[in-house]
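S.K.: Below, each chain spelled out in residue letters.
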Amino acid sequence: MSEIIVVTSGKGGVGKTTTSASIGMGLAKAGHKTVIIDFDIGLRNLDLIMNCERRVVFDFVNVIQGDANLSQALIKDKRCSDLYILPASQTKDKNALTKDGVAKILEELASDFEYIVCDSPAGIEQGALMALYFADQAIVVTNPEVSSVRDSDRILGILQSKSRRAELNMEPVREHLLITRYQAERVENGEMLSIDDINDILAIDLLGVIPEDTYVLTSSNEGNPVIMNEISHAGQAYQDAVGRFLGKDIAHRFLDPERKGLIKRMFGG
Amino acid sequence: MSLFGRFKDTKPKSANIAKERLQIIVSHERNRRSAPSYLSALQNDILAVIKKYVDVDADQIHINVSQQNNTSVLEMNVNLPD
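Chains as they are written, first to last, in the numbering used here: chain A, 1079 to 1347; chain B, 22 to 103.
Derived from the structure by calculation, the hints contain no laboratory data.
Do not take every clue at face value.
Unchecked claim - Under 7 Å between C-beta atoms, here's a sample of chain A residues computed to sit facing chain B:
1. 1227
2. 1231
3. 1235
4. 1236
5. 1266
6. 1269
7. 1270
8. 1271
9. 1282
As the list claims (entries may be wrong) - Residues from chain A that keep clear of chain B, each with C-beta distances beyond 12 Å, as calculated:
10. 1091
11. 1108
12. 1130
13. 1154
14. 1184
15. 1245
16. 1309
Every value quoted in this text rests on a predicted model; they were computed, and no experiment measured them.
Cβ atoms here follow ideal geometry from the backbone N, Cα and C, with glycine treated the same way.
Please work from the sequences and hints to get the whole structure.
M.R.: Right, dumping it as structure tokens:
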């Protein structure tokens, strides 16, 4: 039985691709055969984050248009044998994604993969709608910031009205909230929306809280999903989120500011 | 925060302002999303009827549909000119 997971947000730059890469890698490392699909036609980036940009020969649109087989377009991850990437097209226009075309590819992937992670583009146009249409579960990536929370609510509305599950009156898409770029210190100072504030507004299951972490940038520089960095707080928080996704009961971490020692406090740090 | 800062800091925290603004706009947008599709046509018709008797502008009429338990409530607000 294959599960389709969309990683979505509405707003751009909140960490969808970072999340898709880390959640995909985490699921695969836990022994579940996983494929991550980049739905951002024209602006592909998952390949860079996953460090396979030089191995792209065929892409998603090539397969939809029948110019290549799925097996020719899938890129096997070099670090984890259970992980594959299906890159987006860099040249074709976003309307190349048709509902029938996407349905056919997902159906083919479902026979081979346990989890299909759909990395949505920003916005609410064709690419984003196609990424969420077939989803069984949704990970809504949200920054503790007004425009991101508002856009997440908008995306939740679309999941509840325009997804395949909504249109066919099936059990609704299971929604999970993933808060990223969380800064505990600023929350404590009343300068940033807290987890409770966001929960009060969006009111969906909290999958994880990823703290702001300099390792997110260095990981993307190197093409390693940050979840592979075991010393980084963001990596650990993603690992926890994957555990929760797989049904484990794991307490949230990194929600409170780190208490500085006396010396750090005296000299600044 | 310094010792003196504690006393003069009575300004509302920006996170609280953010939360209040979000609660208002999100609930407004949710209402609009869940509004039936005939609502804007209905609003135009009602406006036309009212205009037959009183001279009002379109923005002086607000129509809203909300759910209360098992009933839908159609609420209409018309600001009549003085």
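S.K.: Give a verdict on every hint.
M.R.: Hint check:
1. For residue 1227/A, the suggested interface contact is upheld, since its CB lies about 6 Å from the closest CB of chain B, less than 7 Å.
2. Satisfaction of the interface hint for residue 1231/A is found here, the shortest Cβ-Cβ separation to chain B being roughly 5 Å, below the 7 Å cut-off.
3. Interface restraint check: residue 1235/A against chain B, minimum CB-CB distance 5 Å, threshold 7 Å, status holds.
4. A distance limit of 7 Å between C-beta atoms decides the matter here; for residue 1236/A the minimum to chain B is near 9 Å, and the interface restraint is violated.
5. The interface hint given for residue 1266/A is broken, as the beta carbon of that residue sits about 10 Å from the closest beta carbon of chain B, more than 7 Å.
6. This hint holds: residue 1269/A has a C-beta 6 Å from the nearest C-beta of chain B, less than the 7 Å allowed.
7. Here the hint on residue 1270/A is kept, as its CB sits about 6 Å from the closest CB of chain B, short of 7 Å.
8. With a least beta-carbon distance of about 5 Å to chain B, the hint placing residue 1271/A at the interface is held under the 7 Å criterion.
9. Nearest Cβ of chain B to the Cβ of residue 1282/A: about 13 Å, over the 7 Å cut. The hint is violated.
10. At roughly 18 Å, the least C-beta separation between residue 1091/A and chain B is larger than 12 Å, which holds for a residue marked as non-interface.
11. Look at residue 1108/A: its CB is around 35 Å from the nearest CB on chain B, clear of 12 Å, so calling it non-interface holds up.
12. Every beta carbon of chain B lies more than 12 Å from that of residue 1130/A, the smallest distance being close to 38 Å; the non-interface claim holds.
13. No beta-carbon of chain B is positioned within 12 Å of the beta-carbon of residue 1154/A; the least distance is around 42 Å.
14. Even its closest Cβ contact with chain B, about 27 Å, leaves residue 1184/A beyond 12 Å, as expected for a residue assigned away from the interface.
15. Interface exclusion of residue 1245/A from chain B stands, the closest Cβ pair being 16 Å apart, more than 12 Å.
16. No Cβ of chain B approaches the Cβ of residue 1309/A within 12 Å, the least distance being about 30 Å, so the stated non-interface status holds.
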